[in-house]
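Chemist: Sequence:
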Amino acid sequence: MSYHANEKGYYGEFGGAFIPEMLYPNCEELRQNYLKIMAEPSFTEEFHQLLKDYVGRPTPLYFAERLSEKYQTKIYLKREDLCHTGAHKVNNTIGQILMAKKLGKNRIIAETGAGQHGVATATVCALMGIECVVYMGEIDIARQAPNVARMKMLGAEVRAAKSGSRTLKDATNEAIRDWINNPVDTHYIIGSVVGPHPYPDMVARFQSVISEEIKWQLKEKEGRENPDYVVACVGGGSNAAGAYFHYLDEPKVGIIAVEAAGKGIDTGESAATSALGKVGIIHGSKTLLMQTQDGQITEPYSISAGLDYPGVGPMHAHLFRSGRGEFISITDDEAMTAGLEVSQLEGIIPAIETSHAFAIFDYKKFEKEDVVVINLSGRGDKDLQTYIDYFKL
Numbered sequence: 001m002s003y004h005a006n007e008k009g010y011y012g013e014f015g016g017a018f019i020p021e022m023l024y025p026n027c028e029e030l031r032q033n034y035l036k037i038m039a040e041p042s043f044t045e046e047f048h049q050l051l052k053d054y055v056g057r058p059t060p061l062y063f064a065e066r067l068s069e070k071y072q073t074k075i076y077l078k079r080e081d082l083c084h085t086g087a088h089k090v091n092n093t094i095g096q097i098l099m100a101k102k103l104g105k106n107r108i109i110a111e112t113g114a115g116q117h118g119v120a121t122a123t124v125c126a127l128m129g130i131e132c133v134v135y136m137g138e139i140d141i142a143r144q145a146p147n148v149a150r151m152k153m154l155g156a157e158v159r160a161a162k163s164g165s166r167t168l169k170d171a172t173n174e175a176i177r178d179w180i181n182n183p184v185d186t187h188y189i190i191g192s193v194v195g196p197h198p199y200p201d202m203v204a205r206f207q208s209v210i211s212e213e214i215k216w217q218l219k220e221k222e223g224r225e226n227p228d229y230v231v232a233c234v235g236g237g238s239n240a241a242g243a244y245f246h247y248l249d250e251p252k253v254g255i256i257a258v259e260a261a262g263k264g265i266d267t268g269e270s271a272a273t274s275a276l277g278k279v280g281i282i283h284g285s286k287t288l289l290m291q292t293q294d295g296q297i298t299e300p301y302s303i304s305a306g307l308d309y310p311g312v313g314p315m316h317a318h319l320f321r322s323g324r325g326e327f328i329s330i331t332d333d334e335a336m337t338a339g340l341e342v343s344q345l346e347g348i349i350p351a352i353e354t355s356h357a358f359a360i361f362d363y364k365k366f367e368k369e370d371v372v373v374i375n376l377s378g379r380g381d382k383d384l385q386t387y388i389d390y391f392k393l
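Counting from 1, one number per residue, gives the positions in the sequence shown under UniProt numbering.
Any given hint might turn out to be false.
Stated by the list, open to error - Calculated pairs, DSS-like style, for lysine-lysine (alpha carbon to alpha carbon, straight line, at most 27 Å):
{"hint": "1", "residue 1": "263", "residue 2": "392"}
{"hint": "2", "residue 1": "263", "residue 2": "364"}
{"hint": "3", "residue 1": "368", "residue 2": "219"}
{"hint": "4", "residue 1": "252", "residue 2": "364"}
{"hint": "5", "residue 1": "101", "residue 2": "36"}
{"hint": "6", "residue 1": "215", "residue 2": "364"}
{"hint": "7", "residue 1": "152", "residue 2": "102"}
{"hint": "8", "residue 1": "364", "residue 2": "221"}
{"hint": "9", "residue 1": "368", "residue 2": "8"}
{"hint": "10", "residue 1": "101", "residue 2": "221"}
{"hint": "11", "residue 1": "221", "residue 2": "70"}
Claimed, not checked - Label-pair ranges, simulated between beta-carbon atoms:
{"hint": "12", "residue 1": "159", "residue 2": "321", "range": "29 to 37 Å"}
{"hint": "13", "residue 1": "40", "residue 2": "20", "range": "25 to 33 Å"}
{"hint": "14", "residue 1": "128", "residue 2": "297", "range": "43 to 51 Å"}
{"hint": "15", "residue 1": "345", "residue 2": "267", "range": "27 to 35 Å"}
{"hint": "16", "residue 1": "384", "residue 2": "250", "range": "33 to 41 Å"}
{"hint": "17", "residue 1": "345", "residue 2": "370", "range": "12 to 20 Å"}
{"hint": "18", "residue 1": "54", "residue 2": "104", "range": "39 to 47 Å"}
{"hint": "19", "residue 1": "224", "residue 2": "46", "range": "44 to 52 Å"}
By construction, these hints were calculated from the structure, which means they are not laboratory data. Just so it is clear, CB atoms sit at the ideal spot from N, CA and C, and this is done for glycine as well.
Construct all of the structure, not just a fragment, from the sequences and the given hints.
Modeler: Structure, rendered in structure tokens:
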């Protein structure tokens, strides 16, 4: 069994393109061209050049000595927080802006929850001189004010989504509406491994630079390419998809996905899709989705703006259902405590999304010689206010 997408965009039973007719031409144009364009030497060269000189790749693989000592195992951190803009999101936006240019698009739209993808999109649009509109839930605009300011400073227009829960799902709905209305000149840069085919596969491929680097960096440090475990937080799941990508078909590498349990899985205020989700369709793909008995999407909740998505990317739904991935749900309190611990043990303030991944050590015991790579997907600057309020700093 392969854990990569097949040519129809399916990971096992999940994936596909369930889209209104109006969107068919957009997705079809992308589907027919994305692999071809990504294989062009000129595209590859420009992509890697920008990752190197603009984003600052390769990001370090850092041995976290004090954390390793505390949990009695070898913990390495893949430092995606050191990417330009402060998170892994920019790997994908660089790839997609180059793709949009090849397809002759001169307007970009995006959705964002925590604001990191919005910032990364606004950044590459400024770099390329292309018009940019970012949709963001009204609630997220309030709780991620620094990122909103960054987007505006970079020249993007930020449009508030005022319907539904006024968070990420609703911002995505608004962006899709915009795309339907502007099919010819607009490219929609989706920020995660969600949406209709080919997005989950395309975004995963752009993010796969993460696991590509882990392989040779681990070889240098440990004399082997494969860790025992790769750990990442999962909302939609792009940082996780990138960290797992080159290990998906390596059965000896354990894959651990960490979701947001919010105030607890059974409290009704959670975003733990693997525990609570049933098969459904959201934003154009068949996946696991939090929904009511009659199929209405339930509102997710997490203290982190980047993990409160009611579904999960189809790759992750397949990893969960097939048993290839181990899914652990972490509450707000556990994540916040873990974030503070990493800050004080390693001098690195992680994004709250990433803090969820650091909270697994109370749930999972590792051997002393195990090599555990945690994808440190983003830095905590954007979350300082939430940390301040939570810990009364």
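Chemist: None of the hints should be skipped; say for each whether it holds.
Modeler: To see whether the hints hold, each was checked on the structure:
1. 263 / 392: holds, 19 Å
2. 263 / 364: Answer holds: residue 263 to residue 364 is near 20 Å, not above 27 Å.
3. 368 / 219: holds, 19 Å
4. 252 / 364: Satisfied, since the Cα-Cα distance of roughly 17 Å is no more than 27 Å.
5. 101 / 36: holds, 14 Å
6. 215 / 364: Answer holds: residue 215 to residue 364 is near 23 Å, not above 27 Å.
7. 152 / 102: Roughly 26 Å separates the two Cα atoms, so the pair holds.
8. 364 / 221: Status holds; Cα separation ~24 Å.
9. 368 / 8: The hint is violated at about 42 Å.
10. 101 / 221: violated, 38 Å
11. 221 / 70: holds, 20 Å
12. 159 / 321: 29 to 37 Å: Since the Cβ atoms of residue 159 and residue 321 sit about 36 Å apart, the hinted range of 29 to 37 Å holds.
13. 40 / 20: 25 to 33 Å: About 31 Å separates the Cβ atoms of residue 40 and residue 20, which means 25 to 33 Å holds.
14. 128 / 297: 43 to 51 Å: With Cβ atoms ~34 Å apart, the hint is violated.
15. 345 / 267: 27 to 35 Å: holds, 29 Å
16. 384 / 250: 33 to 41 Å: holds, 37 Å
17. 345 / 370: 12 to 20 Å: holds, 19 Å
18. 54 / 104: 39 to 47 Å: violated, 23 Å
19. 224 / 46: 44 to 52 Å: Violated: the Cβ-Cβ distance is about 32 Å, outside 44 to 52 Å.
In this structure, the earlier hints numbered 9, 10, 14, 18 and 19 are contradicted, and the remaining ones agree with it.
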